[in-house]
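Q: The listed protein sequences derive, respectively, from chains R, E and B. Sequence positions in the first sequence follow our numbering and run 22 to 337. Sequence positions in the second sequence follow our numbering and run -15 to 560. Sequence positions in the third sequence follow our numbering and run 969 to 1154.
Derived from the structure by calculation, the hints contain no laboratory data. Because the structure is a prediction, the values reported are computed rather than measured. Treat each hint with caution, since some may be false.
[As the list claims (entries may be wrong)] Sample of chain R residues lacking proximity to chain E, with all beta carbon distances greater than 10 angstroms (derived):
| no. | residue |
| --- | --- |
| 1 | Gly45 |
| 2 | Thr86 |
| 3 | Ala115 |
| 4 | Gln125 |
| 5 | Met173 |
| 6 | Gly202 |
| 7 | Ala206 |
| 8 | Thr244 |
| 9 | Asn257 |
| 10 | Thr269 |
| 11 | Ala307 |
| 12 | Ala318 |
[What the hints assert, rightly or not] A short list of chain E residues far from chain R (calculated; beta carbon distances all over 12 angstroms):
| no. | residue |
| --- | --- |
| 13 | Gln226 |
| 14 | Ile275 |
| 15 | Pro439 |
| 16 | Tyr443 |
[What the hints assert, rightly or not] Below, a list of computed lysine to aspartate or glutamate pairs in the EDC-like style, where the Cα atoms sit at most 16 angstroms apart:
| no. | chain 1 | residue 1 | chain 2 | residue 2 |
| --- | --- | --- | --- | --- |
| 17 | R | Lys149 | R | Asp188 |
| 18 | R | Lys337 | R | Asp219 |
| 19 | R | Lys308 | E | Asp492 |
| 20 | E | Lys333 | R | Asp188 |
| 21 | R | Lys150 | R | Asp178 |
| 22 | E | Lys540 | R | Glu71 |
| 23 | R | Lys150 | R | Glu71 |
| 24 | R | Lys150 | R | Glu129 |
| 25 | E | Lys333 | E | Asp528 |
Just so it is clear, CB atoms sit at the ideal spot from N, CA and C, and this is done for glycine as well.
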Amino acid sequence: MFEPVSPQGRDISNLFILTLALGGLVFALVTGLVIFAIIRANRHRRTAGEPRQVSGNTRLEIAWTIAPAVLLAVLFVPTVMVMFADEPGNPKNATPDIEIIGHQWWWEYRYPNAKVITANELHIPAGKKLLAKLMSSDVQHDFWVPRLGRKMDMYPDQINYLYVTADIPGLYNGNCAEYCGAQHAWMLIRVVAEPQADFDAWLAKQQKAPGVPSQPPAQPGQTAGNIANGEKIFLNNTCINCHAITGTTANAEVAPNLTYLGLRGSLGSGIIQNNSANLARWILNAKAIKPGVLMPAYQFSTQDLRDLVAYLEEQK
Amino acid sequence: MSQEFVLVPEPTDALPIGKTGSLLYWIASVDHKLLGIMYIGAALIFFVIGGVEALVMRLQLGSARNTLLSPEAYNQLFTLHGTTMIFLVFVPMVVGFGVYLVPLQIGARDMAFPRLNALGFWMLVFGGLLLYYSIIAGSPPDSGWFAHAPLTAKQYSSAQGVDYWAIGLLLTGIGTTTAGLNFIVTILTMRAKGMRLLQVPMFTWIMLVDGFLIIGTLPPLNAALVMLLIDRNLGGAFFNPQAGGSSILYQHLFWVFGHPEVYLLVLPTFGIISEVLPVFSRKPLFGFNFIAGSALAIAFLSYAAYAHHMFAVGLGNAFNAFFAMSTALIAIPTGVKIFNWIATIWGGKIRFTTSMLFAVSFIVLFTIGGISGVTFGIVPTDWQTTDSYYLVAHFHYVLYGGSFFAVMSGLYYWFPKVTGRMLSEKWGKWVFWLMFAGFNLTFFIQHILGLMGMPRRVYSYDDLPNWSLFNLISTLGSFLLAFSVLLFIISVVLALVKGEKAPDNPWDAWTLEWATTSPPPIENFEQVPPIRGRRPLWDLQHPDDQDWQRSHSGEKIGGQPHEASLPSEHRKDNSQ
Amino acid sequence: MTTDKNRLGMLCFIATETIFFGMLILAYIYFQNNAPNSGPNARNSLNVGLTAFFSLFLFASSGTIWLAERSLHRGNQRGVSLWLVATVVLGLIFLGGQGYEYAKLIGENITVSRNTFGTTFFTLTGFHGLHVFIGLLAIGILAGWVISGNLKGHKSSALGTISLYWHFVDIVWVLLFTIIYLLALL
Ligand code: HEA
Ligand code: HEA
Ligand code: CUA
Ligand SMILES: [Cu+2]
């Protein structure tokens, strides 16, 4: 169940299977008894007179009070064990490996030790048990990646902690699991678990400013965007009121950090794939793609848009 | 024997106003039977509204990345759907059953406070109208049926929808509270002479417990709503983190209401089942005292279990472990009921009327919902499954497969009494089987969707393997379900127009409501039969096999009256 | 066990009100303990002495309504109306005191929207004041009936029922006064 890839996830999955198995037994018992009672009744159907007027049996009552109680008591033991194994509680002194901040409707990820801030795509080293600190900047959200294990709520007025582990490298999808307004549906989570070396390389790259990426060789039949001009457009527009890119004057934190945007798989927290055409559509009218989104629409000339898109997409 | 008939006291309240059947007659009525019918009628109307909302939602969810609805519209729909179904369908439904049946079952003329009864009904109606007026005003609420803070704060929900929602619920809440109070007083003070408290029919007993549950459960909701309104309209700080408030306080207040609320809804349906199963098995209810006691246990435990809706909030292991335990405990008294019902039909002579079909399938479907409920009580599995479609499946199994099937059973059972007409059994079988199929088709697969990772309250989802297919199956099922509801409505209309006339006691049942005409006269009874046990009509029909002359196992124990049916001194006073 | 349905109904009503107030009180205590405010709070903003003085009137009114009931049982019609009017007057003085307190606080810019103390304080005392007001209306109407002779003759349970309510409103104030005012002195 859930195809878990973390110890926490496996604990829960096993517990769930156990519960379902016992529950299945109870269900089979109840259904079996009902069916059997009906069959028996069918046999008696033709006999005349009223059936025997039985109205109770104290011994039976005791039996079917005690039996479920025992069953539940047995289940309670592993329940508490898994609870204590997988709940970090509120570790006072530990510094979290990652900080996850929910926003309407996107994710902010911080690596406090490396002083890296990124958005919408969480990179983690595979096989390591990480401690994540969960917060929200506005309303309630909830971090849920089914294959990694449990979900955990995020509040503006309470800090929660969660273990994040993926034993096997890969891409793990999740969702915001607490209703948070218009675009709760498209607040998807992408977790990229990679071997430690790859992760280290990724993190090191994030720490460096992308600067102005070099102009890629022009494709035949396509007009390439002018990257240097793209940077100017970005910095001279209101983009910088909300977004940040490392090494530039853009340092606002109310919207996803766009540093190395070209490395990410999706835009708009998962609603569209990350490619140049989609990015151009997004910038012109994000609301048309993700109704209710808190990013305004822009008007750019075709060339300016091309330049801006190239600047953002070539950061990789 | 016949000298022992007890006279029902003369009515002291005003007789109905207006010509029988006229609009005024209904609106100005304080008669519990008319109010009961109006409660149930309003519930059915709202059920169709809430159901159509669900159908539109299911249409939107029928395929991945569907663009039929805007996210705002979808969010408004599930908020209205949930609020409608809980507060405007189920509450008036069970209250309606209670208001109609309790006075009849205890041999009384009316409820203790007829005027209050009417007030409660109209407050509920106005609360519902206010909620729906928000559509006309242009801003239906969109915060979900439990409206967690701080999404409801002014800065995140600036439209008036939340205010309509809160004021509407406040009105219905106060209306329901008056009904609860009325049940308590009626059942405690207005029983026919000679009927002892533990001799009332199970449905009535459960309405007494439910009365206490109602008056204990709604005040926290009212308090939460008042605080929310103060926050939104007077700039209060209760739930607003920016001003020092606490969003988690709201959750505590809401769920200390919200959890007992679901038992408040389900208990009366347990009562219905406890009336229907014995009659169609030709046996008394098995383990009356245990079913009665377990209802009390469920009512008490429901308060202790409220925070199982908050396992993912991050309140710590000690806190969660406590509520895990109390949640598990609730399964025990519920199981007691389930097993007693099975024992009731065991060895009986079962008549598979439509009512009985619904009642028996209730046992099975409710058990499915109950067991998925228990998996939520296992805290770590809740951490995976909370707020997913697995949860949506859970509560539709307990609310629809459980409670609503019981309500259908009750509607088929008492329809002849209430209207004086029989509902067609032929149509009834179709309604049942289509509803059974449609229901399971719609909701069983949602368990799997939830386990695959589909969160609830999403207007749209990515095109992942099988997601579209499973959602489509659920959507198709919901239309089958709707079709069965449509058939039911048509068969009700047909029965009212040209249905077969119903005899006074078509099912050969044993409680007092069947001792009067169908439909009952305005004063309910001229006289009620003597009450020695829990089945007065059985005792009347079987002078030599009285309930109180029999042991639990069905053996004759001679003239010794059953422990719970000793003749009281009242009877001596009354028997001439 | 009481079998008078009005009394029983009132007891049920009081039960719901108890829980309602209980929730508001919990909210108040929650914020007192969990979110200490800078700025106005119970300790630095409330005049305990003055409120204690006005509270005496409310407590006294519980006594007068009891006297009214006693007069009814003794068939002393004049006594009933006298004590009922006294109850109304005492209640009004209490409300006046509360009005004065509110005016002073609002003058110091302590309002519902100031901070969690303001919100919880005004909600809690405001709802209590509303209950006092409703009680006074009921008692006033009752007094009117008694004076105009409408209550004479048939033994009405109205007075008993209303006085139950009035004692409840009083007890709530004892609690509120303790929690909001006296605990602030500690
Ligand atoms: C009629 C309404 C109803 C009923 C009766 C129940 C019954 C139960 N519910 Fe359910 N519940 C809801 C309506 C209801 N629920 C709703 C509406 C929600 C969602 C709210 C929202 O978020 O929107 C919800 C959510 C909900 C949650 C929160 C999930 C979450 O948000 O994370 C939990 C957690 O514990 C839970 C548990 C239970 C349990 C243990 C029972 C038990 O009472 C079930 C007991 C019954 C049985 C177990 C079956 C019969 C017993 C036996 C045959 C005996 C033997 C059995 C065993 C030993 C297992 N429910
Ligand atoms: C008693 C309670 C109850 C009932 C009966 C139902 C009934 C149904 N529910 Fe609902 N549901 C809830 C209570 C209930 N629900 C609650 C509390 C929520 C949570 C809301 C929230 O998250 O805030 C919810 C949420 C909910 C969701 C999840 C939404 C989301 O999270 O995004 C879905 C999705 O499939 C759904 C579907 C349905 C369907 C298909 C039915 C069907 O069974 C409906 C069947 C009925 C009809 C279809 C009526 C048909 C009638 C006609 C067609 C008649 C034609 C007209 C005339 C003759 C005039 N419900
Ligand atoms: Cu964020 Cu839902
Ligand atoms: Cu619950």
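Q: Hint by hint, note whether the structure agrees.
A: Now for the hints, and whether the structure bears them out:
1. Gly45: violated, 8 angstroms
2. Thr86: violated, 6 angstroms
3. Ala115: Holds, since 16 angstroms exceeds 10 angstroms.
4. Gln125: violated, 8 angstroms
5. Met173: Met173 (chain R) is in fact no farther than 10 angstroms from some Cβ atom of chain E, at 6 angstroms.
6. Gly202: violated, 6 angstroms
7. Ala206: Not fine: 4 angstroms to the nearest Cβ puts Ala206 (chain R) too close to chain E.
8. Thr244: Thr244 (chain R) clear of chain E: closest Cβ-Cβ about 31 angstroms, beyond 10 angstroms.
9. Asn257: holds, 30 angstroms
10. Thr269: Its Cβ never comes within 10 angstroms of chain E, the nearest being 30 angstroms, so this holds.
11. Ala307: holds, 14 angstroms
12. Ala318: Nearest chain E Cβ is 17 angstroms from Ala318 (chain R), so the label holds.
13. Gln226: violated, 8 angstroms
14. Ile275: Non-interface label fails for Ile275 (chain E): nearest chain R Cβ at 10 angstroms, not farther than 12 angstroms.
15. Pro439: violated, 5 angstroms
16. Tyr443: violated, 5 angstroms
17. R:Lys149 x R:Asp188: Measuring from Cα to Cα gives roughly 7 angstroms; hence the hint holds.
18. R:Lys337 x R:Asp219: Satisfied, since the Cα-Cα distance of roughly 14 angstroms is no more than 16 angstroms.
19. R:Lys308 x E:Asp492: Since the Cα atoms of Lys308 (chain R) and Asp492 (chain E) sit roughly 64 angstroms apart, the hinted pair is violated (cutoff 16 angstroms).
20. E:Lys333 x R:Asp188: violated, 59 angstroms
21. R:Lys150 x R:Asp178: Given pair Lys150 (chain R), Asp178 (chain R) is violated - Cα atoms ~26 angstroms apart, limit 16 angstroms.
22. E:Lys540 x R:Glu71: holds, 15 angstroms
23. R:Lys150 x R:Glu71: This hinted pair is violated, its Cα atoms lying about 67 angstroms apart.
24. R:Lys150 x R:Glu129: Roughly 20 angstroms between the alpha carbons, so the hint for Lys150 (chain R) and Glu129 (chain R) is violated.
25. E:Lys333 x E:Asp528: violated, 21 angstroms
Of the numbered hints listed earlier, those contradicted by the structure are 1, 2, 4, 5, 6, 7, 13, 14, 15, 16, 19, 20, 21, 23, 24, 25.
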